[in-house]
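Please put together the full structure from these sequences, using the hints given.
The sequence shown finishes on residue 104 if you use the working numbering, and the numbering steps up by one all the way, no holes.
Worth flagging that the hints you see were computed from the coordinates, not collected in a lab. Every residue, glycine too, gets a C-beta built ideally from N, C-alpha and C. Hints are not guaranteed to be accurate.
Said to hold, decoys possible - Distance windows between CB atoms, simulated:
{"id": "1", "residue 1": "68", "residue 2": "11", "range": "24 to 30 Å"}
{"id": "2", "residue 1": "63", "residue 2": "94", "range": "16 to 22 Å"}
{"id": "3", "residue 1": "65", "residue 2": "103", "range": "27 to 33 Å"}
{"id": "4", "residue 1": "97", "residue 2": "54", "range": "30 to 36 Å"}
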Amino acid sequence: SEVGARVFLDRLPLSTSGRAAVDGGLVTLADLATGGDDYELIFTAPVGAGSVVAAAAERAETSVTLIGEITAGAAVDVVDQSGATVDLGVRGYRHA
9 SEVGARVFLD RLPLSTSGRA AVDGGLVTLA DLATGGDDYE LIFTAPVGAG
59 SVVAAAAERA ETSVTLIGEI TAGAAVDVVD QSGATVDLGV RGYRHA
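Here's what the structure looks like:
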């Protein structure tokens, strides 16, 4: 697709226990973003389609969270609250 993305780490949806673990210093947002068994679907929508996406989510009785944006270039950047790039490194489970 020849596009990149910017993902805002602090916008990722967390469970109550996940938020408590981050707030308690037990794990970082990067830990939760790259590990565990809590799965979410990710999709893109055109800029300006927020009301259409919100209406579809309401009809489906599900929540939708804006976590990033598509960018020019091929880089995928994950950024923290200050806008600094976070290096997630190689994390998570590797299937053989």
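Now the hints, each set against the structure:
no., hint, verdict
1, 68 with 11: 24 to 30 Å, "holds (26 Å)"
2, 63 with 94: 16 to 22 Å, "violated (33 Å)"
3, 65 with 103: 27 to 33 Å, "holds (31 Å)"
4, 97 with 54: 30 to 36 Å, "holds (32 Å)"
Checked against the numbered hints given earlier, the structure breaks only hint 2 and satisfies all the rest.
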